[in-house]
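S.K.: Protein chains in written order, with the working numbering: chain A, 60 to 254; chain B, 60 to 254.
In case anyone wonders, no lab produced these hints; they're calculated from the structure.
Take these hints with a grain of salt, some might be off.
Since the list gives no way to pick out one identical chain from another, each pair is judged satisfied if it fits inside one copy or across any two copies.
What the hints assert, rightly or not - No farther apart than 20 angstroms at their CA atoms in a straight line, the calculated lysine to any residue pairs in the SDA-like style are these:
{"id": "1", "residue 1": "Lys138", "residue 2": "Leu170"}
{"id": "2", "residue 1": "Lys93", "residue 2": "Ile159"}
{"id": "3", "residue 1": "Lys138", "residue 2": "Ala166"}
{"id": "4", "residue 1": "Lys177", "residue 2": "His136"}
{"id": "5", "residue 1": "Lys177", "residue 2": "Leu190"}
{"id": "6", "residue 1": "Lys93", "residue 2": "Arg252"}
{"id": "7", "residue 1": "Lys138", "residue 2": "Trp168"}
{"id": "8", "residue 1": "Lys177", "residue 2": "Val133"}
{"id": "9", "residue 1": "Lys138", "residue 2": "Arg169"}
{"id": "10", "residue 1": "Lys138", "residue 2": "Pro165"}
{"id": "11", "residue 1": "Lys177", "residue 2": "Arg131"}
{"id": "12", "residue 1": "Lys88", "residue 2": "Arg198"}
{"id": "13", "residue 1": "Lys177", "residue 2": "Glu134"}
{"id": "14", "residue 1": "Lys177", "residue 2": "Arg135"}
{"id": "15", "residue 1": "Lys93", "residue 2": "Arg244"}
{"id": "16", "residue 1": "Lys138", "residue 2": "Lys177"}
{"id": "17", "residue 1": "Lys177", "residue 2": "Val130"}
{"id": "18", "residue 1": "Lys177", "residue 2": "Glu137"}
{"id": "19", "residue 1": "Lys88", "residue 2": "Arg252"}
{"id": "20", "residue 1": "Lys138", "residue 2": "Ala127"}
{"id": "21", "residue 1": "Lys88", "residue 2": "Gln115"}
{"id": "22", "residue 1": "Lys93", "residue 2": "Phe226"}
Please read these numbers as outputs of a predicted model, since none were measured by experiment.
Protein chains: 2
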Amino acid sequence: MTKRQDDAPADAVPSQLTTFHGAESGVWKITRVKTVSGAPLPAASHVLVSADATTQPHRVAWSLRGAASHVRYVERHEKEALDARPSPLGRPEASRAALIPISKSPAWWRLAQDERRKIFESSSGHISQSLPYLPDVARQLYHCRDLGEPFDFLTWFEFAPEHEARFDELLARLRRTEEWTFVKREIDIRLTRAR
Amino acid sequence: MTKRQDDAPADAVPSQLTTFHGAESGVWKITRVKTVSGAPLPAASHVLVSADATTQPHRVAWSLRGAASHVRYVERHEKEALDARPSPLGRPEASRAALIPISKSPAWWRLAQDERRKIFESSSGHISQSLPYLPDVARQLYHCRDLGEPFDFLTWFEFAPEHEARFDELLARLRRTEEWTFVKREIDIRLTRAR
Numbered sequence: 060m061t062k063r064q065d066d067a068p069a070d071a072v073p074s075q076l077t078t079f080h081g082a083e084s085g086v087w088k089i090t091r092v093k094t095v096s097g098a099p100l101p102a103a104s105h106v107l108v109s110a111d112a113t114t115q116p117h118r119v120a121w122s123l124r125g126a127a128s129h130v131r132y133v134e135r136h137e138k139e140a141l142d143a144r145p146s147p148l149g150r151p152e153a154s155r156a157a158l159i160p161i162s163k164s165p166a167w168w169r170l171a172q173d174e175r176r177k178i179f180e181s182s183s184g185h186i187s188q189s190l191p192y193l194p195d196v197a198r199q200l201y202h203c204r205d206l207g208e209p210f211d212f213l214t215w216f217e218f219a220p221e222h223e224a225r226f227d228e229l230l231a232r233l234r235r236t237e238e239w240t241f242v243k244r245e246i247d248i249r250l251t252r253a254r
Numbered sequence: 060m061t062k063r064q065d066d067a068p069a070d071a072v073p074s075q076l077t078t079f080h081g082a083e084s085g086v087w088k089i090t091r092v093k094t095v096s097g098a099p100l101p102a103a104s105h106v107l108v109s110a111d112a113t114t115q116p117h118r119v120a121w122s123l124r125g126a127a128s129h130v131r132y133v134e135r136h137e138k139e140a141l142d143a144r145p146s147p148l149g150r151p152e153a154s155r156a157a158l159i160p161i162s163k164s165p166a167w168w169r170l171a172q173d174e175r176r177k178i179f180e181s182s183s184g185h186i187s188q189s190l191p192y193l194p195d196v197a198r199q200l201y202h203c204r205d206l207g208e209p210f211d212f213l214t215w216f217e218f219a220p221e222h223e224a225r226f227d228e229l230l231a232r233l234r235r236t237e238e239w240t241f242v243k244r245e246i247d248i249r250l251t252r253a254r
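With the sequences and hints as input, model every part of the structure.
M.R.: Now the structure itself:
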């Protein structure tokens, strides 16, 4: 068999590190922090998002790193449904955001792939329940379990102020699922873009 | 629903970083290096395996990091078959080893989970073809794509000298599969434990 010549990064999924700093200044002002489960994070007033891991802002309360990576559970038909509702980050009207770092239990990580997929989607409808909220809620998942970070995932959402109630509705739905019984640490950090 | 109280790390899958240094000395002496595809690595005489990411040995030709992490494709029935053939690393008779860093193409990482699983197992039989080689060949996979490393995986194998031919047979089988058409860089480093 011949090797594929497919190194073109055109629409590749880059695995790139992003760091979220809880700091004294930054593009996003923290408006509310709710420790949903597990240990809290130290207090900070702003969140600074940096694609440069070497930049270390002054007076940082916490720094959390994650990699925007390839999909782990999404199947072809779901990928097509998601791609049909493009919801890019950085839209000017999306002046609200949520950073929700999450860790799951060792029991979750011991499961086989088909068991995790079954809980994630067949039982909990993580993708199917989230789809109706696109494109009002834009999101990006960052993986950090393999980086030795304190959380397994950093979940990031952006939306216009008028869509925050819908976002809360989505969160409430997800938190009632079987998948969420495996969540052992979750911190809900709400943000407003600083003008 | 109540939160699970399952933080016991007893048989948890820890996500821990391991670094492989190509160096001038180390527990494993390099006997042969074959660049199967893609760019070669600089020459080194030994491989030093370190669980401490802060240790930097002298005169290192290359350092590759990866995380021993949870399974990504293995399903429950396969996990049981694998668990039924325990093949631990570090057996005294396993004086030979292979370190095979691998990268897959952007086309692979763009695929949905079900598409990757189908190629990995239904088409290529990665797990079913490997099973008969356990426990003669012990193996550990380290993930490094999300770490910003030059490879996606570091694959590590240990076996007794009399099983090296069988290991070569397994490699030849895997390299003929559809999965391997997505491998764009692969370096086969053979090692003997230094006495």
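S.K.: For every hint, state whether the structure bears it out.
M.R.: Structure-based check of all given hints:
1. Lys138 to Leu170: between (23 angstroms within a copy, 9 angstroms between copies)
2. Lys93 to Ile159: Close inside one copy (10 angstroms), not across copies (45 angstroms); limit 20 angstroms.
3. Lys138 to Ala166: Result: close only across copies, 15 angstroms inter versus 27 angstroms intra.
4. Lys177 to His136: Both: 16 angstroms inside a copy, 14 angstroms across copies.
5. Lys177 to Leu190: within (18 angstroms within a copy, 25 angstroms between copies)
6. Lys93 to Arg252: Within one copy only: 19 angstroms inside, 52 angstroms across.
7. Lys138 to Trp168: between (24 angstroms within a copy, 13 angstroms between copies)
8. Lys177 to Val133: Answer is both; intra-copy 12 angstroms and inter-copy 14 angstroms each pass.
9. Lys138 to Arg169: Cα proximity of lysine 138 and arginine 169: across copies only (10 angstroms, versus 26 angstroms in one copy).
10. Lys138 to Pro165: Classified as between; 16 angstroms across copies, 28 angstroms inside a copy.
11. Lys177 to Arg131: So lysine 177 and arginine 131 pass the 20 angstroms test inside a copy (13 angstroms) and across (14 angstroms) alike.
12. Lys88 to Arg198: within (18 angstroms within a copy, 47 angstroms between copies)
13. Lys177 to Glu134: Both. Shortest intra-copy (12 angstroms) and inter-copy (11 angstroms) distances satisfy the 20 angstroms Cα cut-off.
14. Lys177 to Arg135: both (16 angstroms within a copy, 11 angstroms between copies)
15. Lys93 to Arg244: For lysine 93 and arginine 244, only the intra-copy Cα distance (11 angstroms) is at most 20 angstroms; the inter-copy one is 45 angstroms.
16. Lys138 to Lys177: Cα proximity of lysine 138 and lysine 177: in one copy and across copies (17 angstroms, 16 angstroms).
17. Lys177 to Val130: both (15 angstroms within a copy, 15 angstroms between copies)
18. Lys177 to Glu137: Both: 14 angstroms inside a chain and 16 angstroms across chains, each within 20 angstroms.
19. Lys88 to Arg252: within (6 angstroms within a copy, 55 angstroms between copies)
20. Lys138 to Ala127: within (16 angstroms within a copy, 28 angstroms between copies)
21. Lys88 to Gln115: Within one copy, since 18 angstroms is at most 20 angstroms while 40 angstroms is not.
22. Lys93 to Phe226: Within one copy only: 15 angstroms inside, 53 angstroms across.
Hint compliance for this structure: no hint is broken.
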